[in-house]
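Enquirer: Chains as they are written, first to last, in this note's numbering: chain R, 1 to 790; chain C, 1001 to 1517.
Hints in this document: simulated from the structure, not taken from any laboratory. Where a beta carbon is used, it is the ideal one built from N, C-alpha and C, also for glycine. Do not take every clue at face value.
[Said to hold, decoys possible] Taking lysine to any residue pairs in the SDA-like style, the calculated list, with each CA pair at most 25 Å apart, reads: (1) Lys647/R / Ile1491/C; (2) Lys388/R / Gln471/R; (3) Lys1357/C / Glu1490/C; (4) Lys693/R / Ile1321/C; (5) Lys133/R / Asp1237/C; (6) Lys647/R / Glu1490/C; (7) Lys227/R / Gly211/R; (8) Lys1339/C / Ala1260/C; (9) Lys1339/C / Ala1221/C; (10) Lys28/R / Ala1221/C.
[Unchecked claim] Now the in silico label distances, taken between C-beta atoms and shown as ranges: (11) Asp234/R / Asn1205/C: 47 to 55 Å; (12) Ala12/R / Gln1178/C: 49 to 57 Å; (13) Thr1066/C / Gln23/R: 38 to 46 Å; (14) Arg1031/C / Asp618/R: 22 to 30 Å; (15) Glu1225/C / Glu51/R: 38 to 46 Å; (16) Thr1066/C / Ser603/R: 56 to 64 Å; (17) Lys717/R / Ala1291/C: 34 to 42 Å; (18) Ser1467/C / Thr144/R: 24 to 32 Å; (19) Ser76/R / Asn1205/C: 57 to 65 Å; (20) Asp1415/C / Ser447/R: 49 to 57 Å.
[Claimed, not checked] Some chain C residues near chain R, calculated using beta-carbon distances under 8 Å: (21) Asp1043; (22) Cys1044; (23) Tyr1153; (24) Ala1155; (25) Asn1158.
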Amino acid sequence: MSSVIKNQLSQAQMLQQVQQQMQSGVGKKIPHESAARHVTGEAIYIDDRLEFPNQLHLYPILSDTAHGTINTIDLSACKEVCGVATVITYEDIPGNADIGPVLAGDPLLVEKTVEYVGQVIAIVAAQSLEIAKYAASLARIDITPLPAILDVQQAHNLQHYVTQPHTHIMGDAKRAISQAQHTISGELKIGGQEHFYLETQICSTVPTEEGGMLVFASTQHPSEVQKLVAQVIDVQMHKVNVDMRRMGGGFGGKETQAAQPACLAALASHITGKPCKMRLTRELDMRMTGKRHPFVVQYKVGFDDQGLLSGVIIDLLADCGYSPDLSASIVDRAMFHSDNAYYLGNAIISGYRCKTNKPSNTAYRGFGGPQGMVAIENIMDHIARYLKLDPLQVRTTNYYQKDQRNITHYGQLVEGNLLDEMTQELTKSCDYQQRRQQIIQFNQQNSLMKKGLALTPVKFGISFTATFLNQGGALIHIYTDGSIHVNHGGTEMGQGLNTKVAQIVAQEFQVDIDNIIVSATSTDKVPNTSPTAASSGTDINGKAAQNAALTIKKRLLEFAATHYGVALESIQFVNNHVCLGDQQIISFSSLIQQAYLGQISLSSTGFYRTPKIFYDRDKASGTPFYYYSFGMACSEVIVDTLTGEYKVLRADILHDVGDSINPRIDIGQVEGGFIQGMGWMTTEELVWDDNGKLATSNPMSYKIPAITDIPNDFRVKLVENRKNPEDTVYHSKAVGEPPFMLGISVWCALKDAVASLSNYNQQPNINSPATPEAMMWAIHAMKQPDQGNN
Amino acid sequence: MIEFLLHNEKITLTDIDPNTTVLKYLREQRRKMGTKEGCASGDCGACTVVLAQLAPSAAHSSENATLEYKSVNACITFISALHHKQLICVDDLKQTSLHSCQQAMVDKDGSQCGFCTPGFVMSLFALQKNNTSYDRHKTQQALAGNLCRCTGYQAIDNAAQQSFSQKVPDHFDRQQQQTITQLKAMNASRKSQSISATRLLNDGNPIATCHLPQSVDELCALLIEYPKSQLIAGGTDLSIGLTQHGSSYQSLIDLKQIAALSQYTISEHHIEIGAMVTLAQCQQLLMPYFADFSLLLERFASLQVRNQGTLAGNIANASPIGDSPPALIALDARLLLRKGESSREVKLDQFFTDYKKTRLSESEFIEKIIIPLPAQRSVSVHSAQAFFKVHKVSKRQDDDISAICAAYALDIDSDNKISHIRLAYGGMAAIAKRALATERALLGKAFNEQTFSEAKLMLTDDFQPMSDHRASSEYRLLLAQNLLQKLYIEISADLQQTKQLDSEQANKAHTRIFDYV
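Produce the complete structure using the sequences and hints provided.
Expert: Shown next, in the form of structure tokens:
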């Protein structure tokens, strides 16, 4: 029930109102705007939309070869199936056939050369999904295989890259390492990760009368889908409108790779003149689309007796799959986060974008950052085992300092550093030292089960590293009854962006959010938007919405001052009302009604660009991040030394979100991010067969965490009273990606448990994910003398 | 014709393709879009709905009838499963205000993207209906088959707590008598039914028909008449053919209406389990006799699957990693097979012939499973102690297919000798199989560490396991060996415990990671 609209209160009652605080503005603990519709099933996803009587459904015909030349495509049998409208190949594309997001290399449909198992060669459009699927199975594609590269090291050896290598250099790392008291080197393999958004990739398209397209796409980047659809069907962008109400999860997987189903559906609609829908089955989704990049990390570091780093050389070899996609930026971010929370001293950090015959790996929560961070956290553990120190001690020894040792290897000053104070708070609240002693004791007394403990920090840079993307737009209308319609360039994928933006607008106008609707993201409302990615959703779109609100508010203030004859400075918006000096109070809706009659525009756009940031790629130096978000987690695990199985017993998290816009939503991001990160490093294992076919292509074989996998004791807290020193929206901080990397603590705790078998003298050889099998082999090696990796 | 309640509406279906899943029926034919497809393989739970049915004892009596609420995956449930039941989906819960389970999910931030949420709500609804207070373990059991990628589950567990602390009678409680009356009226006519697709084959027959016989005799007759028929017990594996492999079955026989097959009996010497007893039921009935079997079933797929899937179905589909066959082989279980008028018994360790192949002949089916009780080995006469243990190792604790599943039945006599031994393994060969060489190395030997250390080396004689995405061959062998060591540790602890006077007070040693969950 709308409080603004229904209010017909006396002055006395209104006075009472304005003496109270509003219930739903910034900082308030309110639920997700769609929560009540999520739980009833009333929230509409694309596949729930009403279909048209002449609706067509699409099913792809895929390559079964990792690399090869197409000789013939025989689709005659497909076309004869009753109910098939058309079968579309490369030749049918009227416009641009390449949908590479930044660089070319992603053919919408393959013309001649297939580059991975699961690449789309043709598409069947039919009356039902079943018919399309059946017809697709009748296609006869003759492919002559070419040599396929499936191994990242092999690609690196051949210098087979999707984009050129890039290096950050600070000081003279080689000399520093050669002069160091101690030197270690090693290699680590880091696995990829399937996004496993619960709603698979989907798009539904309707041709429009101008020859354009109405596109309902489950995408984090509606503007890019708009651009690519326009290019594929060869029309100008203004003829394509992309509508995006909500995604059933994105996690980066729908940043660039939602474009292919969208462009295929649009192409089929364009050709047939009918509404088309392409919904990938889970199996198709897992085979066709890219994932988090697997990495191979090679390192050599020098340090002193305390474990203080003096020189670091890290090579990051990323398995990019067959095309550039976003790999250039993703590997950049891995390089930017190879320091995590630590001052590296002299450093050479190199990133290689290796090309393999797999689906093109893509954005995934953290965008390469997690892989870089795992590299340095593994080094911290390795140093600790080498020096027989507690890993936490080595970590804190190397933390960035506030006044010195505060420049990153890419030249950015680390400001607003919360590492020391957060570590103090968390070690105290989680009883780190006492539990460390108890665990050492437990491990001495138990031979079958071993416990492990690890506290790892996160320092994550916020901003798109492609600087131009750091812009946001919004549009606000206020209607004559005082209700407010907000639209912005961000997309809602469950992270609560629309809730936070509504809270920001509510705060500016001082009206409760039940008077505000944030409508579906739409390219005809806010144009030329950036993807909702890089944790930037609220930072840029919240600011843009705030700016739009401020524009209208300024008009309202000027109008009210004139209309009511009071000083502008004496007008205040308070709890759904407007105080006109100390004489009169009117409801917000009354002011709007008067402003309308006074011919005041009640609609405005808003725009925001992130200040201060730049990065000079030629010099590999700059300030690519507006600020850093901090977090840390302490995880305790128990490991069965006869099977390699394990369980997380307890996790304590302290996370920094600046001044929280909505603590409930932020806690949800932190908890969910931690568990997703834990899954990546434990049970989520992508296995490819020798022919480049994904063997773990469904949830029967690919295991994301289930409810029993969460810590038995899970304590999550936001850092209090630490607003973002930068001028972000209400001094909040981004929260989407950083908590993902808190999951690294579980992996380090698992290694800690295995290290106990060597009395903490050896670094166990455990890659990521630490599946029970990976754990078992490390345990096995520890139990055999002289087999440990040190 | 099948009839069921769609919430309160009585539905009668005759002309429907029996290959239709409940999810397709809801979304495509009823346009009830609240129930989502996340995987179409019963692995994510987004499609969870609840089936209410008369409790078996109450189906015919007039007094004290109650309803049982079971969560199931709509995506892998054949439409014929709805016969004589009430189908409740997420769209049916909200009245003028949210259901207490829904409100709990809102209040505790149990949804983020919202796509898995309807499934969680329905699992919570069934949990709330079947329990009076919150229990963490039961909650995990109820929700382990629902995947959420956003929340990290803590919020959902909090919601489960609130769903009990703020539980209020709902409209299903208020309408219970009416629902019972309607279901009883349906149940009153115990007539065999069938449903058929309207589309015809060239020979004039429908492209697909499903029969729902009422008795074992009718089933025998149908199988003789239609020997190529596929039997639907739980249907949770058969339906994967529909949703993942594009199969369509021309002739189906759904066994759910045959009351006799849902019976089990426990005598002094054995437990007899009818072919339609579900895995969830087995979990309960086996607990007092073979606790480890019950614990294995607790980790068998998800509750949604266990609510429909049957022990007989798990045997008949002859998966090399099916979890129940190793346990049953170790227990020397036998199958009563039936074909027409004739019956025969086959020992389970003789039943599997090769990958996905069994000794079932055409028109033959599993009528019941017979598990001998240790008393039959006259354990007490020789004052031997009987042990039964099962180890399952998988990447994820819940709802995951085993890398290896090992089951052991052994007796230790008063001279501390191993007087009986059967070891059976899943995941180690193309079929679930005994480790005969290893058994020979243990039988008659003293129960001590050395015996086991020597015996475990024999496993390489018994098995040459394969490598796949679940586990490498080497890991499987190492695991099998280590698990034998674990078996020794566990039985030693059990023996130690029975020697202690105060055995009830003695803490059970934690020997498995699952003990820490």
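Enquirer: So, for every hint listed, does it hold in this structure?
Expert: Status of each hint after checking the structure:
1. For the given pair, Lys647/R sits about 23 Å from Ile1491/C by alpha-carbon distance, which is consistent with the 25 Å threshold.
2. Note on Lys388/R and Gln471/R: the hinted pairing is violated, with a Cα-Cα distance of about 48 Å set against a maximum of 25 Å.
3. As the CA atoms of Lys1357/C and Glu1490/C are separated by approximately 34 Å, the hinted pair breaks the 25 Å bound.
4. Pair hint Lys693/R plus Ile1321/C holds up; C-alpha atoms about 22 Å apart against a cutoff of 25 Å.
5. The hinted pair formed by Lys133/R and Asp1237/C meets the criterion: a straight-line CA distance of about 21 Å does not exceed 25 Å.
6. Taking the CA atoms of Lys647/R and Glu1490/C, the gap is about 20 Å. The hint holds against a cut of 25 Å.
7. Proximity of Lys227/R to Gly211/R is assessed by CA-CA distance (about 15 Å); at most 25 Å being required, the pair is judged to hold.
8. Annotation: proposed proximity of Lys1339/C to Ala1260/C holds, straight-line Cα distance about 16 Å (limit 25 Å).
9. With a CA separation close to 9 Å, the supplied pair Lys1339/C and Ala1221/C stays within the 25 Å bound.
10. A threshold of 25 Å between alpha carbons decides the hint, and for Lys28/R with Ala1221/C the separation of about 68 Å lies outside it, so the pair is violated.
11. Between Asp234/R and Asn1205/C the beta carbons are some 50 Å apart, a value that agrees with the proposed interval 47 to 55 Å.
12. The given range of 49 to 57 Å is respected by Ala12/R and Gln1178/C, whose C-beta atoms sit roughly 51 Å from each other.
13. Judged by the Cβ atoms, the range 38 to 46 Å given for Thr1066/C and Gln23/R holds: they are separated by roughly 44 Å.
14. The beta-carbon spacing between Arg1031/C and Asp618/R, approximately 58 Å, falls outside the hinted interval of 22 to 30 Å.
15. The hinted window of 38 to 46 Å between Glu1225/C and Glu51/R holds, with their beta carbons roughly 40 Å apart.
16. Distance hint for Thr1066/C and Ser603/R: a CB-CB separation of about 59 Å, consistent with the stated range 56 to 64 Å.
17. Evaluation of the 34 to 42 Å hint for Lys717/R and Ala1291/C yields a pass: the beta carbon distance comes to about 40 Å.
18. The hint said 24 to 32 Å for the Cβ distance between Ser1467/C and Thr144/R, and at roughly 29 Å that hint holds.
19. Distance hint check: the CB atoms of Ser76/R and Asn1205/C are about 29 Å apart, inconsistent with the given range 57 to 65 Å.
20. Asp1415/C and Ser447/R have their C-beta atoms about 28 Å apart, which leaves the hinted 49 to 57 Å range violated.
21. Proximity of Asp1043/C to chain R holds as hinted, the smallest CB-CB distance being about 4 Å (cut-off 8 Å).
22. For Cys1044/C, the interface hint holds, the least distance from its beta-carbon to any beta-carbon of chain R being 6 Å, beneath 8 Å.
23. At a threshold of 8 Å, the smallest CB-CB gap from Tyr1153/C to chain R is about 4 Å, leaving the interface hint in force.
24. For Ala1155/C, the interface hint holds, the least distance from its beta-carbon to any beta-carbon of chain R being 6 Å, beneath 8 Å.
25. A distance limit of 8 Å between C-beta atoms decides the matter here; for Asn1158/C the minimum to chain R is near 10 Å, and the interface restraint is violated.
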